[in-house]
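Using the hints, position chain W against chain P.
So the protein sequences, as listed, match chains P and W. If you read the first sequence in the working numbering, its first letter stands for residue 6, the second for the next number, and so on. If you read the second sequence in the working numbering, its first letter stands for residue 4, the second for the next number, and so on.
Just so you know, these hints were derived from the structure itself, not from any lab. All values derive from a computational prediction rather than experimental measurement. Treat each hint with caution, since some may be false.
No more than 27 Å apart at the CA atoms, straight line, and that leaves these computed lysine-lysine pairs for DSS-like [claimed, not checked]:
1) W:Lys213 with P:Lys350
2) P:Lys161 with W:Lys87
3) W:Lys118 with P:Lys423
4) W:Lys87 with P:Lys204
5) W:Lys216 with P:Lys204
6) W:Lys205 with P:Lys204
7) P:Lys161 with W:Lys79
8) P:Lys199 with W:Lys79
9) W:Lys82 with P:Lys161
10) P:Lys439 with P:Lys105
11) P:Lys161 with W:Lys147
12) P:Lys199 with W:Lys205
13) W:Lys216 with W:Lys147
14) W:Lys213 with P:Lys353
15) W:Lys216 with P:Lys350
16) W:Lys205 with P:Lys350
17) P:Lys161 with W:Lys216
18) W:Lys213 with P:Lys199
19) P:Lys105 with W:Lys79
20) W:Lys147 with P:Lys105
21) W:Lys125 with P:Lys161
22) W:Lys205 with P:Lys161
23) W:Lys118 with P:Lys353
24) P:Lys353 with P:Lys428
Derived coverage of chain P by chain W (criterion: at least 3 residues anywhere in the stretch with Cβ under 8 Å from a Cβ of chain W; other residues may be distant) [to be verified]:
25) 131 to 140
26) 146 to 159
27) 164 to 172
28) 181 to 195
29) 199 to 208
Think of the CB as a built atom: it goes at the ideal place given N, C-alpha and C, for glycine as much as any other residue.
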Amino acid sequence: MITFGGMSLIFAALAWFFKKAESGSRIFFVFALLHLLSSIMLMVNSLFPSSCCAAWLPLMPHTNPLCSYVLLIESVVVMAVAWYNTDFFMRHEEIPYRHKSPIYHASIIGFIGAMDFAILSDNLGMVWVFIELSTLLSALLIAHHNSAHSLEATWKYVFICSVGIAFAFAGIVFLLIATDGNLDLTTMQLDRNKLFAVKIALPFLIIGFGTKAGLAPVHNWLPDAHSEAPTPVSALLSASLLNSALLPIVRILQLTGGTGLENFASAILLTMGFLSLIVAAIFIPHAYNYKRMLAYSSVENMGILAIALGLNCQSGFLIHMAGHSFIKCALFLIAGNILSMYGSKLIKEVSGMVRIHKGLAYLYLVGILAIMGFVPFMLFVSEFVIIAALFNSNKFLCVLFIILLTFVMYGLGRNMLKMVRGKSSLYKSDYRFKTAAIAPIVILLLIAAASFGAMMYRGVFENIL
Amino acid sequence: MEIFEFIVTLLLVVTLLRISISGRLEVYIKMLSLQGLLLFSLVFFTVSHESYVTLAVAIIETLLLKAIFVPFYLNKVIKENNIKRETEPYVPHIFSLLMVSLGIGLSLAAAFYMKQEIPEVKIVLLGSGIAMILCGMFVILSRKKIITHVMGYCVLENGIFLLSLSAAKELPVIVSLGVALDAFIWVLLAGLLVRVIRTELKSQSIDELKGLKN
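Excised from the complex, chain P in its bound form (with noise of 0.2 Å):
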């Protein structure tokens, strides 16, 4: 932990120093290097304790391996964005931005520092505390244009998100009732006597961390934050920001195995899973805006999480978030590039790609398929696995749950389709874009096509069947 948290302040320190852009975005992708290398370490210490990565760093901490797997996926997602963010300031639209560098760089860092801490910590109240701090931090992110757009988002974000958390700060104090003053997650005791704490302390604690996940209802504000935020904030909040708010939800779930409260957890979380696949099923198709959609399409991909959760359905939740990260982070830099192609995040004002950019075009379309759950990628597994584990818990729900997602795989198609076909909006027709700007979504959508070979390998389909 000590060495996240001094590389991310050592880094952050730096790029406040480093006053021109392009400087800004070497140390960060530097950061990006290092933050990976040191969580592959962790991920193999967690794994194989006895292995050689213990004796190189010995300030690795011994932490469970879920929180190194969180881990892990967060550093490749900030390795691909740390890669597109060298040639974004670049583009001529965020060149009357570059004065700003120095802070965009320097919260940039600081914010993946404070969701290390808060993936890292076994302390909940330490959890509580750098995930506020990683609100406070992405703020300064999203008001980057500082327009009357982002601002509005920018307001909304940090209120109803540190309501949201002020909730589970709530929960934090009842929890501490029933064990008896321990908030460290590996040694936390439930008293057995005190379970009316914990019951009371559920809901707000789900809720109030769940609120930060963007699951519905109280999900406004994260179509508005990642819509407005610059292209490699929004992959960020959405491919490792909700993951990180949504582990400890994980963790706390993890105590109350054998206490009886396991249902009434299942239920709120299977709640606000069904009502965050209702929202998006309903705003998906009617989307005008396609980062807006994509980020509702983040909402639906937290409640399919959390159902996983309430099912109890581990290789389902564990497979389902490195997916989803993996090609979501992807999706919001394509749409950062159609961004810059077109000038408009406007539905209705890009059509035609494939005769502007053919790769870029055919790139959208198989992250879009992707995301969908497609075969060959990963959400397609996690997917099956959960359609399989509803199935053997309520036929009812399964049916729904199928019904649901058609409506966003229609959704989602039918304005992707829009995008990409049909007479171009634009003049030019040889638009190029640099390797920082394609080579990290390839790599992305490989990765996650490439599990599923390796999934697929492992015959993960003969143990669910």
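Coordinates of chain W only, in the frame set by chain P:
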């Protein structure tokens, strides 16, 4: 000591009622400051202190932050932006008074109910803590100006602090320090946002922040 606790929480409830009927921002700031002082007295005189560090952190959080810094800073923001009163709230004052009183009643009832199940909570603190959270939410929902929303959030935060006192289990020092730091940054950021929104949007009202829709 119980009687002292009772008087202090009674005063806290009175500040809530005062906030609910007021349209002048000056009053809100005075009440916030008073709440900070009352919370400080609660922490200082009633909660047992195992070490000087805990006490120091508690003093920083209540006296320095809640009673002095937040009101001072919000006052500065108001002066700079020439905001005097909360204009035309969504609901009349008498109605807000009724709502807040109802909230206080309900919270006390909830506290009584919880006390039966969890005997170690301090009922007066728990009840007034929930009441403050409800009142903060009500201020946020019923008022229009952005700066009033910030104050509503501060009331809510004070309520959460009171709730944490009621649990009779102290939070680890590092956590309270982190919470205080977050609250500090939050207020700074909110003040900054009020200023930027005013200069960019020429507005102080939440009604102007309705551009993003589906």
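Structure-based check of each hint:
A distance of roughly 18 Å separates the Cα atoms of Lys213 of chain W and Lys350 of chain P; the hinted pair therefore holds under the 27 Å criterion. Distance hint between Lys161 of chain P and Lys87 of chain W is fulfilled; the C-alpha atoms sit about 24 Å from each other, no more than 27 Å. Under the criterion of a C-alpha separation no larger than 27 Å, the hint pairing Lys118 of chain W with Lys423 of chain P is inconsistent with the structure, at around 59 Å. Restraint check for Lys87 of chain W and Lys204 of chain P: the C-alpha separation of about 44 Å exceeds 27 Å, so the hint is violated.
Restraint check: the Cα-Cα separation between Lys216 of chain W and Lys204 of chain P comes to about 36 Å, which exceeds 27 Å; the hinted pair is violated. Simply put, Lys205 of chain W and Lys204 of chain P have alpha-carbon atoms about 46 Å apart, too far for the 27 Å limit, and the pair is violated. With a C-alpha separation of about 23 Å, the suggested pair Lys161 of chain P and Lys79 of chain W falls inside the 27 Å cut-off, and the hint holds. Between Lys199 of chain P and Lys79 of chain W, the direct Cα distance comes to roughly 46 Å. Violation of the 27 Å bound is thereby established for this hinted pair.
This hinted pair checks out: Lys82 of chain W and Lys161 of chain P have alpha carbons roughly 24 Å apart, not beyond 27 Å. Restraint check for Lys439 of chain P and Lys105 of chain P: satisfied, since their Cα atoms lie roughly 23 Å apart, inside the 27 Å limit. Simply put, Lys161 of chain P and Lys147 of chain W have alpha-carbon atoms about 14 Å apart, close enough for the 27 Å limit, and the pair holds. Only pairs whose Cα atoms come within 27 Å are accepted, and Lys199 of chain P paired with Lys205 of chain W is rejected, the gap being roughly 53 Å.
Using a Cα cut-off of 27 Å, the hinted pair Lys216 of chain W and Lys147 of chain W holds, with the two alpha carbons roughly 19 Å apart. About 22 Å separates the Cα atoms of Lys213 of chain W and Lys353 of chain P, which keeps this hinted pair within 27 Å; it holds. Between Lys216 of chain W and Lys350 of chain P the alpha-carbon distance is near 14 Å, which keeps this suggested pair within the 27 Å criterion. Taking the CA atoms of Lys205 of chain W and Lys350 of chain P, the gap is near 25 Å; set against the 27 Å cutoff, the hint holds.
Only pairs whose Cα atoms come within 27 Å are accepted, and Lys161 of chain P paired with Lys216 of chain W is accepted, the gap being roughly 12 Å. This hinted pair does not check out: Lys213 of chain W and Lys199 of chain P have alpha carbons roughly 45 Å apart, beyond 27 Å. Distance restraint check for Lys105 of chain P and Lys79 of chain W: the Cα-Cα separation of roughly 26 Å lies within the 27 Å cut-off, and the hinted pair is therefore satisfied. Restraint check for Lys147 of chain W and Lys105 of chain P: the C-alpha separation of about 31 Å exceeds 27 Å, so the hint is violated.
Among the hinted pairs, Lys125 of chain W with Lys161 of chain P is inconsistent with the structure: their alpha-carbon atoms are about 35 Å apart, more than 27 Å. Pair hint Lys205 of chain W plus Lys161 of chain P holds up; C-alpha atoms about 18 Å apart against a cutoff of 27 Å. Under the criterion of a C-alpha separation no larger than 27 Å, the hint pairing Lys118 of chain W with Lys353 of chain P is inconsistent with the structure, at around 58 Å. Annotation: proposed proximity of Lys353 of chain P to Lys428 of chain P holds, straight-line Cα distance about 12 Å (limit 27 Å).
With 6 residues having a beta carbon nearer than 8 Å to a beta carbon of chain W, the segment 131 to 140 of chain P meets the requirement of three or more and the stated coverage holds. Note: the segment 146 to 159 of chain P has 9 residues with beta-carbon separation from chain W under 8 Å; the three-residue rule is met and the coverage holds. Look at the segment 164 to 172 of chain P against chain W: 4 of its residues bring a Cβ nearer than 8 Å to a Cβ of that chain, three or more, so the hint holds. Counting residues of the segment 181 to 195 of chain P whose beta-carbon sits less than 8 Å from any beta-carbon of chain W gives 5, enough to reach three: the coverage restraint holds.
Figure legend: the segment 199 to 208 of chain P, annotated as covered by chain W; annotation consistent (4 residues with Cβ-Cβ distances under 8 Å, at least 3 required).
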